[in-house]
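Enquirer: Here is what each chain is made of, one letter per residue.
Number of protein chains: 2
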Amino acid sequence: MKPYAIGVDIGGTSVKLGLFSSDGTLMTKWEIPTITDNNGSGILSDVAHSISQTLAERGIGIDQVEGIGFGVPGAVDENNLVLSCVNLGWKNVDITKEMTRSLPGCPRIRSANDANAATLGEVWKGSGTGRSSAVMITLGTGVGGGVVLDGKIIPGTWLCAGEIGHMKVEPGDNTPCNCGKSGCLEQYASAKGIARMARDMLAQCDTPSPLRDMDPFTAKDICSLAQEGDPMALAIVDRCAAYLGLALSYVACTVDPGIFIVGGGMSRAGDVLLDPIRTYYRKNAFLNSDQTPIVAARLGNDAGIYGCACMVLSTQ
Amino acid sequence: MKPYAIGVDIGGTSVKLGLFSSDGTLMTKWEIPTITDNNGSGILSDVAHSISQTLAERGIGIDQVEGIGFGVPGAVDENNLVLSCVNLGWKNVDITKEMTRSLPGCPRIRSANDANAATLGEVWKGSGTGRSSAVMITLGTGVGGGVVLDGKIIPGTWLCAGEIGHMKVEPGDNTPCNCGKSGCLEQYASAKGIARMARDMLAQCDTPSPLRDMDPFTAKDICSLAQEGDPMALAIVDRCAAYLGLALSYVACTVDPGIFIVGGGMSRAGDVLLDPIRTYYRKNAFLNSDQTPIVAARLGNDAGIYGCACMVLSTQ
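So the sequence lines, in the order shown, correspond to chains U and B.
Quick note on the working numbering: the first sequence kicks off at 1 and runs consecutively.
Quick note on the working numbering: the second sequence kicks off at 1 and runs consecutively.
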């Protein structure tokens, strides 16, 4: 094993990079903007240039780097071919080929969907440390997720594993989801989804709430008011948690992971959201699997770079 | 690799045994009754005796057997310790210890839950041949299931993986399930569950049906009438399939397997049940995973012995 590894988490607005020692210590992290011009054709050469620069500054040769792991917000196969990545404008981008062209002496490349990489990062150095299996659910603009079993990411046959946000938790609801179907968890538990659901709930009752004077309000407003004890906000959070607890019980009936990790912006609400999720999960989960811990993610935005480095440093 | 392996599928009324060559050919299969007297304390010595006898008849020495795989209808850990198995009266039964005591020269032992073993059997030599991942759902007295990823059984942290029958597909329904909770898939899609649901549906409408003159009717009666085109029976099968298709979509959002295999007595109904399951699955599944095939199991009651032998012959 060479002494260094690099994790590269490509997002729609910025690329996060991390230089790790082979024992998993994050030595330095930095960001560069994601330039999506020309279908994002310059992103990987920007990454290569930035890596070269950082290594040069530290006097590290590329031959001392074990590998570079990539997290991409889209579907990527086991050959590092990004089939489609709408946010970056990518279609059939071969990461290995592009990086080999832009980075002389490029070491081996590994890649994964960004949510899967983040899950692996949390298992490696975050809330899931010491567990061999974990499922992460990320409550952000959308609802993402990742499944790690026996220390390895499960990408799925069609790269759809861990897409917990698209479980149809309300099959009778016709509110359309971005995926083209309806009734998805994401419509109730993403930042946008909980605000939409809140507006519906407010319209259907007379319960007074400061939310009625805040338009438009955000998921953060709802969670803050719930923390302050506002009954309406608590009812909204409770309904969101009911769907989340139910969805996690479906995950448990499938793979029965060692831990559930809740990440993304909304997870910052903490126990006001996590406690009712735990209650609904226990209500729905099968036998002993109802004891599975549900915890907040710990690495925040760094989970991705950790997971990307882990892909290179682990044997998977 | 030694030239033979043995699969032992322990059921509540009989134990199925199979002698396999190391290339996976079933050379002979036989059954012995499951004697559950004295908390099933004689079951494993009966198995040992029967194996000795069959090997002797064929002039095969126990030293030519690579191993013996066991499928048990309960929770069994990675050390072949059966934590609990209500149907057999077992509690904390150490299969390795018992077999070593009863079978001189006993080769290595592997074990799994019977539904998981059956899934592995179908992947190895049945409907899932050639796939590295599959999820099986077994529609029998209850609804069981198993998850095989990368050729290996996923038992789960609490041995609850593959318990698809206990997904709460109707969280608002208070009909109690054997698991102690309610709204489980098993309450709608097991042989008993579909009959119960049918009685409820018949009570809530006036649609004429031969079912009204058959009391008590069975799951088989419902499926036979559906095959004959009886509208009421078709409506019952459709509702059952709606729950099954939804549950399989939850499985796909978690692990996105290469194939779904439907087994158990009710799967003999064939396409009258499988076609609507496929339709509802496609309606609910995420993106490309809606293409995942849903097929009938092929090995019937032999799936267990195949899976048990596979555990010994594969590297898992």
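One thing to keep in mind: the hints can contain errors.
Pulled a few chain U residues facing chain B out of the computed Cβ check, cut under 7 Å [as the list claims (entries may be wrong)]:
(1) Cys160
(2) Phe217
(3) Ser224
(4) Pro293
Chain U is nowhere near these chain B residues, computed Cβ spacing over 10 Å in every case [said to hold, decoys possible]:
(5) Ser14
(6) Asn80
(7) Glu163
(8) Ala191
(9) Pro210
(10) Leu246
(11) Ala247
(12) Thr254
(13) Asp256
Think of the hints as simulated: they come from the structure by calculation, not from any bench.
C-beta atoms are modelled at their ideal positions from N, C-alpha and C, and glycine is treated no differently.
Enquirer: Hints first: check each against the structure and report whether it holds.
Expert: Against the structure, the hints:
{"no.": "1", "hint": "Cys160", "in the structure": "holds, 4 Å"}
{"no.": "2", "hint": "Phe217", "in the structure": "violated, 28 Å"}
{"no.": "3", "hint": "Ser224", "in the structure": "violated, 28 Å"}
{"no.": "4", "hint": "Pro293", "in the structure": "violated, 10 Å"}
{"no.": "5", "hint": "Ser14", "in the structure": "holds, 26 Å"}
{"no.": "6", "hint": "Asn80", "in the structure": "holds, 19 Å"}
{"no.": "7", "hint": "Glu163", "in the structure": "violated, 5 Å"}
{"no.": "8", "hint": "Ala191", "in the structure": "holds, 20 Å"}
{"no.": "9", "hint": "Pro210", "in the structure": "holds, 30 Å"}
{"no.": "10", "hint": "Leu246", "in the structure": "violated, 6 Å"}
{"no.": "11", "hint": "Ala247", "in the structure": "violated, 8 Å"}
{"no.": "12", "hint": "Thr254", "in the structure": "violated, 4 Å"}
{"no.": "13", "hint": "Asp256", "in the structure": "violated, 3 Å"}
Going down the numbered hints, you'll see the structure goes against 2, 3, 4, 7, 10, 11, 12, 13, while the others check out.
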